[in-house]
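Enquirer: Protein chains in written order, with the working numbering: chain W, 1 to 426; chain L, 427 to 1014; chain G, 1015 to 1176.
Selected chain L positions facing chain G (Cβ under 10 Å, derived; list incomplete):
1) SER531
2) VAL891
3) PHE956
4) HIS997
5) ARG1001
The list that follows gives simulated cross-link-like pairs (lysine-lysine, DSS-like), each with its CA atoms no further than 25 Å apart:
6) W:LYS62 / L:LYS518
7) L:LYS595 / W:LYS4
8) L:LYS536 / G:LYS1142
9) L:LYS972 / G:LYS1109
10) L:LYS536 / G:LYS1152
11) W:LYS275 / G:LYS1142
12) L:LYS867 / L:LYS972
13) W:LYS93 / W:LYS150
14) G:LYS1152 / G:LYS1125
15) L:LYS570 / W:LYS4
16) L:LYS509 / W:LYS62
17) W:LYS391 / L:LYS614
18) W:LYS150 / W:LYS81
19) W:LYS367 / W:LYS391
For the record, the hints were derived by calculation from the structure and aren't laboratory data. We put the beta carbon where it would ideally sit given N, CA and C, even for glycine.
Given next are the chains, with one letter for each unit.
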Amino acid sequence: MSEKAVLVVGAGVSGIQAAIDVANQGIKTYVVEKSPSVGGHMAQLDKTFPTLDCSACILTPKMVDVARHPHIELLTYSEVKDVSGTAGNFTVKIEKKPRYIDENTCTGCGHCAIHCPVEVPSEFDEGIGVRRAIYVPFPQAVPLVYTIDKDACIECELCQNICEAGAVKYDQESEEIEVKVGSIILATGYDLFNANSLRNYGYEVYDNVLSSLEFERLLSASGPAGGHVFRMSDGKIPRRIAFIQCVGSRDPEHGMPYCSRVCCMYAIKNAILAKDHIHGGCETTIYYIDVRAFGKGFEEFYQNAQTRFGVKFVRGKVGEIIEDETTKNLLLRVENTETGELTQEEFDMVVLSSGLIPSQGSMELSKILNVPTDQYGFFEEASRILPVDTKIEGVYMAGVCESVKDIPDGVGQASAAAMRASLKAI
Amino acid sequence: MEEEPRIGVYVCNCGINIGGVVNVEEVAEYASKLPNVAVARSHLYMCSDRGQGMIKDDIDEFKLNRVVVASCSPRMHEPTFRKVVEEKGLNKYVFEQANLREHVSWVHSKQPEEATNKAKDLVRMAVAKARLLEPLPQQMVDVKGEALVIGGGISGLSAAKSIADRGFKVHLIEKTPSFGGKMAQLYKVFPTFDDPQELLNPLIEDVMNHPNIIPYLSSEIADIDGYIGNYRAVIRAQNEEEEKEIEFGTIVVATGFQPYDPTGEFNYNNPNVITLLDLHQLMRDDGPTQGNLVTPADGKPPRSIAFISCVGSRQNENIVPEGKKPNTYCSRVCCTGMIATSIEVKEKSPDTDIFLLYRDLRTHGKGHEELFTDFRETGSTMIRYTDDQLPVVSNNEGAEYPLTVTSYDSLSGLNIEIPVDLVVLATGMIPDDTASQIASKLHITMSADKFFQELHPKLAPLNSVTDGVYLAGCTQGPKDVPDSVSQAFGAAAKACAPMAMGTVEVESTISVINEDYCTGCGVCQGSCEFSAIVFEDKPEGKRVSKVIEALCKGCGTCGSSCPSGAITMLHFKDRQLDAMVRAALLEG
Amino acid sequence: MVEVQEIPKKVEREFEPKIIGFLCNWCSYAGADLAGTSRVQYPPNIRIVRVMCTGRIDPQLILNAFRYGADGVLIAGCHEGDCHYIGGNYRAYRKYLLLKEFLQIMGIDEKRFRLEWVSASEGERFAKVVREMVDDIKEIGPSPLGTITTGGIVEDEGEPKI
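Let the sequences and hints guide you as you build the complete structure.
Expert: See below:
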C-alpha cells in the first residue's frame, strides 16, 4: 500500500465514488461525512432521470462498498475543523461528534427508536415527515448505527434501558482525530435554494406550494407518505399539479443568474412519477423558459413525457401564485409566451423547481482551506483542462460543490478527482 | 466433494428481533437432528465478537467443513461470516446464510407458530444447500501494468498523461498525423474564450516527451484480442507495411466524435451555408483567410449572419431528410457553442447583424448562462422555431443578399424573412467512424444513439460493459472540453485500479462448460451479455463453447439456456438449488 | 342392541398453499428485505430461494418445484432495463411465457406460476404480490400434481445431475 493517504470530504454519491476509486488503487482513504449516514441527497430521491431507476437501489450497494472497503476509513457524524500543510503533506483535524451511542456495539435493531417518546421533524424528509430523538436518518442508513439528537432528547433514559446491546452512552464526548494526507477531495454537495425569498410564490406561506425535495419525499416509497401524493392542507389527492421552473435560477434580479442545470429534467421526471403514483389520473403542467434536456437520453425522455405520459409544457414564467383561502387551491398568473395570452390557471398543488446552491459545508470548507470560489460559492477550477483541480494544489473537487450537475456527471467527475488526488498520494 | 459434510448451524436471536417471534431454541434443536449437522446452537447476536468466536471454536472442536448461520439477511452479514470461516482456514464459499429476520420475524410478527415453522424450513433448505457446497478457488487474473489509449484528442491525451504520471506505460494511438483532435480546430474554447492551442500545446508536449508514453500517430489497430489484464494488439502505421505487436492490461476508448454532415438540409450545397466548425476555422489566424471573417463566396465581411441550431440533433421522423435515420438526441454543446461564437463574431466584426434561430436555448454549463446574458447585450435577434416548422434557407440569385432565411417565430407568432450573407448550421455530433469497428473488436456495445454504451447510465458512466475497457469523452456521448477531460481523468482512475493492484479478482461463482456434453450449438454465447463465451476448436475436430473466466459474471443465463445440460453454475448449481426446493417441499 | 357411536367429524384444516419463490439478489431479494425492515406483514406461505439473476432459473427447476408439490411458484426479478446483468431478466421472461403455456397444458392453472418485477425499494409491493398469490391459490385449491408424501402420482426421478 502507498505511504500517503487521501481525504474525501462529503459522502454523497460523488464523495462515495471518489473514495472508492482512490481506495481501489490501494491507497488509504479517509471519508468524512457530517451527517449520521452516507448517501447525501441522492438517498432522498425516489427515482432518477432519465432512466427512472430507483435511486436508493442503485446507491445503497455503493454505500455498503464505501463502508466495507478494506482501504477506506469512514468517519460519519464528523466534520473537518482545520487543515494545514501543503500538497503531499496535509495535516487535517477532524471532529467526531458524539452520537451518544457506541458504534461498535449498536446492532441497528431499532428498539430504542420505537420506545423514544420524542418526535421531531425529520431533516431527511425535508420536514414533512418525523423522526425520533434517537434515530437513523433513513432505514438503509450506512452505518446502521443510531444517533441521539441531544437538542430533542428529554433524557428519559428509556432507550438506555431498552437497549440489549448496551450501546447507549449518554456521557460520550466529541473526539478529535488528526490525519495526515497527501491530497484532499471536496465533495460537499449542495443545498436547495430556499424559495421563501420569492414572495410572489408563497413558499412556506401556502400549504400546497412545495419545494422539489419535499415533493421527492412525498413520491418516495420509503417516504413519510409511502409514495402516495397528497396535499398538505387537507390530505386530498391533487389532480392538477403545476411545476414552476427556474425558481432561484436564471434570475439576476435575485442574485441567482446561473442555470441550475438539473431542474428541467427533475421536473419532467417528477411530473411523470406524479402521474404514475396518483391513481385515477393527474394533470401535470410544467411552466418553463427553455427545456434543458441536453444529456444522454434526456431529449428522448422529454419527448416521451409529452407523447407517452401527456405531461403539458407551457412556455412562460409564472408571475404570481395566489391562494384561495377556502379551498387552498392555487391560482397561477402566467403569460403563455407562445400564444401571447395572459392566463390564470388553478391547481391543487404547486411544486417549485428550486435551484441548487453551494452547501453550507462548502462555504465552511472554502474558508478553512482558503479555496477560491466563484461569485456564487462554487469552487473555482484551475483551468478548462484541469476541471477537478481547485486553485489550491493538492485539493480537488467533485460533484455539485464545483458546479451544478446531475448524477452521471458527478460520478464521472468523482473518478477524475480520484485520479488527480492519487497522483499526490503515491 | 470427497469428504463427508460436517455442518455447524447457528441460529441467531438478534436481541429480540428474531427471538421475540421465532422460537430460536426450538429451531436450533430441530437443526441439530438434521443429517450431516455436527452441531447446532442458538445465540443472542451471532454477528457479535462472541457469536463469531463460537463459530471459530466449533470449527476446531467439531472439525466443521460447512457453516450455516440463520439470522438477518445475507445482504447484510454474508461478508462478515465469510471472513469468520476464512480465518479458520475454510473457503468462504462453504458458508450459507438463512434469512430469519427480514424474511420471517419482521414480516410474520403476529404468527409466532407459523414463523417458527417457516424458520425451520429455511434452516433445512440452507442445510440442504450447504451439504452440496464446494470450496471455490479465488479467481485472480494478473494485470499487466500497461494501458492502451485509443484516440489522441483532448480526452485521449488527458487519460494517457494521467496513467503515465501514475507510473504505467501507455500506448497512445491516433489515426491522424497530429494530436489534438477536434479541439485543435476550434477558434476559442467557451465559456472563457481560451485559445485551444495554449491549452493543448503544453499537454501535447508533455505527452510526446513523457517517458511512459509511446505515441503512434497516423496509426490504426489492425487486430486486438484478450481480456482484462491480458490484451494483445497489432498496430499498423498508415502507408507502412510494418506492424507492431503490443501487450497491455487495460484500454481507454477515446475515439471522440465527428460532426454531423448536413448535406441535403438547409441548402448546405450553397457555399455561403457552412457549419459552426467551418466558421471556427475561418476565424482562426491559421485559417484559409488568415482569421479575416469573410464569406466564402465573395470574400467580403458578412453584413448579416443567421445561426440555425439543432442541425442533426433532436430529429424525429418528420424532420429528417429522406433515407437518413433520425438522431433523436441533443448534442449538448451547440447552443453554448453558437452563443459563444456569436460573441466572438461580434468582437471581430461589430457591424455584423446576428440572427439566432433556436428551439430551446440550452446554455446549461458552468458560466454558460452568463455568456447568454452577455450575448443578449450585443443586440442580436433571437428567433424561436418549432420542430414542426423548420427554417428554410433559399438562394437569392442576383439579389443584394445571397441567401434568405424564412422562419416562423413561436414567440411573436410571425413569419420572418431574413436576408443574410452567411448561414451557419450548428451541427450536432455523431460518433467517430472508427467506433463501430472498435465496438466489435473490443466486445463493447453501443447505445441507441450509436455512442458507446456505459455499464450503467447513472452510476458507471465510464465503464463499458466489458471489464478492462473504459470510456472517455465524446465517444460516450456529446460533451464539452471540461466534461471530456473529467471523463478522461476518471477513465484513467478506473484503468489504474487493476493495474496498481497487479491482479484483479474475477468472479468465482462462474459458469463451467463440460466439453463432453457440449454440442457447440452456441445458444449460450447468444445469451451472454458480457461476451464471455467463445468457440474453441478441439483437436478431434469438435467445436465446443468455452467460458472466458475473467469475463464471466456468474449470472447463470447461459446455464439455463443450454439444451444439453452441459453448463454448471458454480455455487448456484441446479443440484444445489433443487436440493433447497426439495428440502422446502418434501422433507420436514 | 348395538351402540351407535358418533364418529367425530375431522376438523378440516384450512388449506395453506406452499409457494416457492426464486428471487434475484440485486432487486427482488432486496425488495423482500425492505418489506422486512419496513415491517410490512404478509402470510408465511412462501419459501425463498436466492439466485444472482432470474436469468439463472432453469425451467427444470420450476417443473421440479411443481413435481415436488409446490402449490405455486413465483419468479421475481429486476424491472425492465434494471437487470444487474443487463438482460438476464428478459431471458427469464421469455422462458416464463413459454413455460406458462406448457404448464397450463399440463393442467396447472396460470395463477400458480407468476413472474413479477420487484425493485429493491418495493417492499410493500413484494408483500402485496405474496398476499395476492396466497389468496388466489387458496381459492383454486392444492396443486393437482400432489406430492409424494400426499400420495400423488409423481414419481421421484431423482435429483439433477449437475
